[in-house]
Amino acid sequence: MSLPSKVLVANRGEIAVRIIRTLRRMEIESVAVYHALDADGRAVREADEAVELFGETPVGAYLDSEAIIAACAESGAEAVHPGFGFLSENADFAEALAAAGILFIGPPPDAMRAMGDKIESKRLAKAAGVPTLPGSEDAVADVEEAIAVADQIGYPVLLKASAGGGGKGMRTAVDADACREAFERASSEALASFGDGRVFVERFVERPRHIEIQVLADTHGTVLHLGERECSIQRRYQKVIEESPSPVVDEATREKIGQTAIDLARAVGYTSAGTVEMIADDDGGFYFLEMNTRLQVEHPVTEAVTGIDIVEQQVRIAAGEPLGFGQEDVHFNGHAIEARVYAEDADAGFLPATGRLGIVRFPAGDGLRIDHGVVEGQEVTASFDPMIAKVIAHGATREEAIERLRAALAATVLLGVITNTSYLGRVLANPHFKAGDTHTGFLDEHHDQLAPRALDAELERCLVAAAALASPRFDPRLAAPEPLAEMGEWRP
Amino acid sequence: MSRLFEIGLDGDRSHAVEVARHGDSATLTIDGRNYHGSLRPAGDGYELTLEDRTERIWTYVSGDTVWLHGFGVCWAMSVIDPEKNLATAALSGDLASAPMPGTMINVGVEPGDAVAAGQTLVVIESMKMQSEIIAERDGVVDRVFVAVGETFDRGAPLVSLELIAEPEED
Amino acid sequence: MHRLESHVDTSSPTYRAYREHNLELSAELRESLRSARFDRPQRALDRLAEQQKLPVRERLELLLDRGSPFLELMPLAANRHYDGEAPQALLVTGVGVVSGREVMVIANDSSLKGGAWYPITTRKIIRALEIALENHLPVIHMLDSGGANLNLQDEIYSTAGHIFQQQCHLSARGIEQLAVVFGYCTAGAAYTPTLCDQTIMVRERGCVFLAGPPLVKAATGEENTTEELGGADMHTSVSGVADYAVDSEQEALSLARDIVGLWSRREKSDNDRRVPEDPFHDPDELYGIIPDDIKKQFEMREVIARIVDGSMFHEFKPAYGETMVTGWAFIWGFKVGIVANQGVIFSEAANKAATFMQLCDRDGIPLIFLHNVTGFMVGREYERRGITKDGAKMLMVQANVTVPKLSVLCHASQGAGNYAMAGRTWDPRFIYAWPNSRSSIMGPEQAADTMTQVRVAAMRRRGEDPSPEEIALITEEVTAYFEATYHSYYLTSDLRDDGLIDPTDTRNTLGMSLSAVLNAPIVRQPGGVLRI
Numbered sequence: 000m001s002l003p004s005k006v007l008v009a010n011r012g013e014i015a016v017r018i019i020r021t022l023r024r025m026e027i028e029s030v031a032v033y034h035a036l037d038a039d040g041r042a043v044r045e046a047d048e049a050v051e052l053f054g055e056t057p058v059g060a061y062l063d064s065e066a067i068i069a070a071c072a073e074s075g076a077e078a079v080h081p082g083f084g085f086l087s088e089n090a091d092f093a094e095a096l097a098a099a100g101i102l103f104i105g106p107p108p109d110a111m112r113a114m115g116d117k118i119e120s121k122r123l124a125k126a127a128g129v130p131t132l133p134g135s136e137d138a139v140a141d142v143e144e145a146i147a148v149a150d151q152i153g154y155p156v157l158l159k160a161s162a163g164g165g166g167k168g169m170r171t172a173v174d175a176d177a178c179r180e181a182f183e184r185a186s187s188e189a190l191a192s193f194g195d196g197r198v199f200v201e202r203f204v205e206r207p208r209h210i211e212i213q214v215l216a217d218t219h220g221t222v223l224h225l226g227e228r229e230c231s232i233q234r235r236y237q238k239v240i241e242e243s244p245s246p247v248v249d250e251a252t253r254e255k256i257g258q259t260a261i262d263l264a265r266a267v268g269y270t271s272a273g274t275v276e277m278i279a280d281d282d283g284g285f286y287f288l289e290m291n292t293r294l295q296v297e298h299p300v301t302e303a304v305t306g307i308d309i310v311e312q313q314v315r316i317a318a319g320e321p322l323g324f325g326q327e328d329v330h331f332n333g334h335a336i337e338a339r340v341y342a343e344d345a346d347a348g349f350l351p352a353t354g355r356l357g358i359v360r361f362p363a364g365d366g367l368r369i370d371h372g373v374v375e376g377q378e379v380t381a382s383f384d385p386m387i388a389k390v391i392a393h394g395a396t397r398e399e400a401i402e403r404l405r406a407a408l409a410a411t412v413l414l415g416v417i418t419n420t421s422y423l424g425r426v427l428a429n430p431h432f433k434a435g436d437t438h439t440g441f442l443d444e445h446h447d448q449l450a451p452r453a454l455d456a457e458l459e460r461c462l463v464a465a466a467a468l469a470s471p472r473f474d475p476r477l478a479a480p481e482p483l484a485e486m487g488e489w490r491p
Numbered sequence: 000m001s002r003l004f005e006i007g008l009d010g011d012r013s014h015a016v017e018v019a020r021h022g023d024s025a026t027l028t029i030d031g032r033n034y035h036g037s038l039r040p041a042g043d044g045y046e047l048t049l050e051d052r053t054e055r056i057w058t059y060v061s062g063d064t065v066w067l068h069g070f071g072v073c074w075a076m077s078v079i080d081p082e083k084n085l086a087t088a089a090l091s092g093d094l095a096s097a098p099m100p101g102t103m104i105n106v107g108v109e110p111g112d113a114v115a116a117g118q119t120l121v122v123i124e125s126m127k128m129q130s131e132i133i134a135e136r137d138g139v140v141d142r143v144f145v146a147v148g149e150t151f152d153r154g155a156p157l158v159s160l161e162l163i164a165e166p167e168e169d
Numbered sequence: 000m001h002r003l004e005s006h007v008d009t010s011s012p013t014y015r016a017y018r019e020h021n022l023e024l025s026a027e028l029r030e031s032l033r034s035a036r037f038d039r040p041q042r043a044l045d046r047l048a049e050q051q052k053l054p055v056r057e058r059l060e061l062l063l064d065r066g067s068p069f070l071e072l073m074p075l076a077a078n079r080h081y082d083g084e085a086p087q088a089l090l091v092t093g094v095g096v097v098s099g100r101e102v103m104v105i106a107n108d109s110s111l112k113g114g115a116w117y118p119i120t121t122r123k124i125i126r127a128l129e130i131a132l133e134n135h136l137p138v139i140h141m142l143d144s145g146g147a148n149l150n151l152q153d154e155i156y157s158t159a160g161h162i163f164q165q166q167c168h169l170s171a172r173g174i175e176q177l178a179v180v181f182g183y184c185t186a187g188a189a190y191t192p193t194l195c196d197q198t199i200m201v202r203e204r205g206c207v208f209l210a211g212p213p214l215v216k217a218a219t220g221e222e223n224t225t226e227e228l229g230g231a232d233m234h235t236s237v238s239g240v241a242d243y244a245v246d247s248e249q250e251a252l253s254l255a256r257d258i259v260g261l262w263s264r265r266e267k268s269d270n271d272r273r274v275p276e277d278p279f280h281d282p283d284e285l286y287g288i289i290p291d292d293i294k295k296q297f298e299m300r301e302v303i304a305r306i307v308d309g310s311m312f313h314e315f316k317p318a319y320g321e322t323m324v325t326g327w328a329f330i331w332g333f334k335v336g337i338v339a340n341q342g343v344i345f346s347e348a349a350n351k352a353a354t355f356m357q358l359c360d361r362d363g364i365p366l367i368f369l370h371n372v373t374g375f376m377v378g379r380e381y382e383r384r385g386i387t388k389d390g391a392k393m394l395m396v397q398a399n400v401t402v403p404k405l406s407v408l409c410h411a412s413q414g415a416g417n418y419a420m421a422g423r424t425w426d427p428r429f430i431y432a433w434p435n436s437r438s439s440i441m442g443p444e445q446a447a448d449t450m451t452q453v454r455v456a457a458m459r460r461r462g463e464d465p466s467p468e469e470i471a472l473i474t475e476e477v478t479a480y481f482e483a484t485y486h487s488y489y490l491t492s493d494l495r496d497d498g499l500i501d502p503t504d505t506r507n508t509l510g511m512s513l514s515a516v517l518n519a520p521i522v523r524q525p526g527g528v529l530r531i
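Here the protein sequences line up with chains A, B and C, keeping their order.
Per numbering that gives the first Met the number 0, the very first residue in the first sequence carries number 0; after that it's consecutive.
Per numbering that gives the first Met the number 0, the very first residue in the second sequence carries number 0; after that it's consecutive.
Per numbering that gives the first Met the number 0, the very first residue in the third sequence carries number 0; after that it's consecutive.
Treat the hints as calculated values from the structure; they're not laboratory data.
Glycine included, every Cβ here is placed at the ideal spot set by N, Cα and C.
Warning: the hint list may mix true and false statements.
[Said to hold, decoys possible] FRET-style restraints, in silico, Cβ to Cβ: (1) A:220 with B:54: 54 to 60 Å; (2) A:220 with B:42: 53 to 59 Å; (3) A:126 with B:107: 55 to 61 Å; (4) B:42 with A:431: 35 to 41 Å; (5) C:321 with A:488: 39 to 45 Å; (6) B:54 with C:167: 51 to 57 Å; (7) B:139 with C:170: 54 to 60 Å.
One chain only, chain A, in its complex shape (with noise of 0.2 Å):
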């Protein structure tokens, strides 16, 4: 089997551009998709051919299957990558590709479908040896039933939704009163939101530090591992700054966690890239969380650490090439960082923030690597995602890396729409950040040191001056005629 010559990226901003990127490089074609709110995207400048999308919705229209599917008959694309998010993890779209004659490039479909219920994934784990938390094995039938598993393997007990992702239907709960709310609250959120209102009770672990590992399975056999990423600064159940290595993570476990991965992906008949999501306790403990049948957004700093571009195997996998290289070749070195630019006003509860993108300037340098999807003039809705750009900063130390990232994110001028590059700066200059001790619960733990400081007036006052001088409401043809000018205030 060959390499495909035509490829369409089914998804938009960074991550198409980012998935094109290495298109070109394989000498592979690039159609990208597109609704008419991202005609003037990067992704469609960057791709050889662009096909437009209708839906009811901007969002819709990237869910559109049928579609994408015509698009590819259209462009004459061999395979579909979808990137992550939208169709990436929708296993019928995979087979209607298949059916289409289309490559779709990511797992199995029925891969796809056992790691995308939560509690069959769990179980799935279980069976292959990966350690799990205590809790039901099932969804729960009422909520007595969860009172009495929650009694048993004791209080606090997270409840969760068996459909549920972004931390939506989840609920914690320290007795069995609060269990009994917690549970009502939890299957009615996760019915809304999914359609779907089953709940499963486990063990809640306190200050727990998001761990995932990366793997790489062939279809000739061959299964590896990536290392690990550390995704613990997390606001609202999403990542904002992501790691490798994770600062707790030794060899030895590395190898420890990174078999158990393996043996996971090994048991499902995993291909393409996946991730093993696990949380990590204060004891050493690491635990099954979930597997994500796709790329992930934080790919990057895999990327950076053992030099391997993870989509370009996904392409080669999904043609059936073998990985050509075993766990031994995989070599970690230094320490990269990714920092998440979203447009949202952190300061104010991270709400999303809308506006134009009137200024765009990203730096570059040594060990710099910005994954971004904008360009200048561009409307940023709240029609989409409100990530703009990924900064990855790749160092010899973590330190280093953490420098790095700084210097990065102060110099990345986005003006027009409220971003988080300065609350990510301060993230990072945060001691207890610095010292490597993190957990999903920082952003919370730290809300007041991570405040914006005060102004000092000399600064406020540049900025104020700054902008009379730039505002237009300060009319420049309103300037004293010269010599005038330059006579400056004389009143004798």
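Based on the hints, put chains B and C in the right spot on chain A.
Only chains B and C this time, still in chain A's reference frame:
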């Protein structure tokens, strides 16, 4: 010299500012004190000088907001005409409230409707004049407070928009 | 052009003596200005505060562009008149920058006598409007005056009508006028805001009417409040006499700046402008150059070197008629022709000056006159050589050149020499005087001599024989009269100049004046230049 404007970080305390330009430099009067400053193009941005301090900055002006990148940070500064301040204060992003007392003439939206910034939400009549109350941002209508024919006072809530929901992502 | 060399010895006793003398004069001028502007009885200030009015100086600060120059004109008007009860004639005027536009500001000072008009007030307004007309300067009237001081109505009424006529002429020439009404504009004064293009009124305090409530009640029995009769809201919504009603003085001035910002900028006349350069020689040294006695001579080139750009000067006919220095230079980048005295005018000097003025007139170059003249040379030889004829030529040319002329009385300015050098009565666009300067029909000593001789002769004809003491008394009397009336402070009080200036401010004063002057087109005069 320009009229006085109030400038401040969005939502923060503001400063009274006047600018008298002299060629490409200016005397800025900030809260009653004079400072010498200039903003000159430099590279792909600008060089700000205020008294003896110099800083590379980038700016982007969008309506009454001046976006600035400087000192490693992005800032949104609002330039407000203090005389016009009162007139627009009644409207904020999430809640459209009555700019004056009046009667509801037409309600064009209902809860759950998606609206775009600039779209008419309701029409009110006051002092024999009909005014359209428009959405300040994109969003979804949360509540309509006043029915057609009902009267309301100045500042009364008319239509609220849902707080912006967190989009899905991994 | 080359740089003027300076031969001033700053370590000489003369230099030091002169310097000490002139620094005293400088300090006296500064103090006089400060006092005229700011010394007001506390009750006057309290009264303003009660009325919620700002002092005129604060209004001015709010109006003018920050960091911009303001050339106050006639600041010591009426300071030696009316027993000093009307400092500055209760009026502030000058050329300033508002919203980047050069404008003439005319502002009543109501801190004393309700801002009433005195005869000199009237003349000061007329002079300011004349400057605005000649130099195409838009006018901002800041009105707050109780009206004419009726005890002096005769002297006021004889001239005041010009004000309104000038306003009409300004309008016809396309020169904008804006009025801000802070207080009363009653009777005739009601026409000033009404004749402006746009008028702003402050509610509750500004009012415009032909007759106030008491007069109306007396005339017709009708009872009114001030606001009903001529208040801001009535005039802006009913009568249309005014255009904008605002709640505070601050708002009024902010709006005024907005309005001025919408006026078109005037193109300056072509003047071969260069990039300005500071004088090479230090203007501060002027204090040691100007003598401490009106009879003492000094080198005018040393003065020129401390006024013009880079101290660079191209002298015309340097070896001819040496009591007159003529030549070209730049001041704040503006090209000028300079005519400067070195004492008494001889025939050759008069002829040289006449030719030079013709040259500048033909070429459209503004003229600067630096006065240090005691008159035309007298005596048999000079009369025989026709000094009067040569003086007449200079006067004839002076009267008829049309380029803008600016005069500075640097020291003496006496007799017909003052006319020949574009003195007050010869209509220079601007005229300034240094505090050390003196100007009169002749010197006081010559006058005293002459008068004493005449009076003693008359007494003797009557058979009287005045004693030496009596003769001395006559001399003293005449001298005292001259000393009083040829003094720079007296002259400026009577508006014989547009202001006393410190010598070191000459450069900026001329720079601002030239900038103003160039707002009006300069018409070149074609025609042959006579080598007379």
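Hint by hint, here is what the structure shows:
no., hint, in the structure
1, A:220 with B:54: 54 to 60 Å, "59 Å, holds"
2, A:220 with B:42: 53 to 59 Å, "55 Å, holds"
3, A:126 with B:107: 55 to 61 Å, "57 Å, holds"
4, B:42 with A:431: 35 to 41 Å, "37 Å, holds"
5, C:321 with A:488: 39 to 45 Å, "41 Å, holds"
6, B:54 with C:167: 51 to 57 Å, "53 Å, holds"
7, B:139 with C:170: 54 to 60 Å, "58 Å, holds"
Violation of the numbered hints given earlier is absent; every hint is satisfied by the structure.
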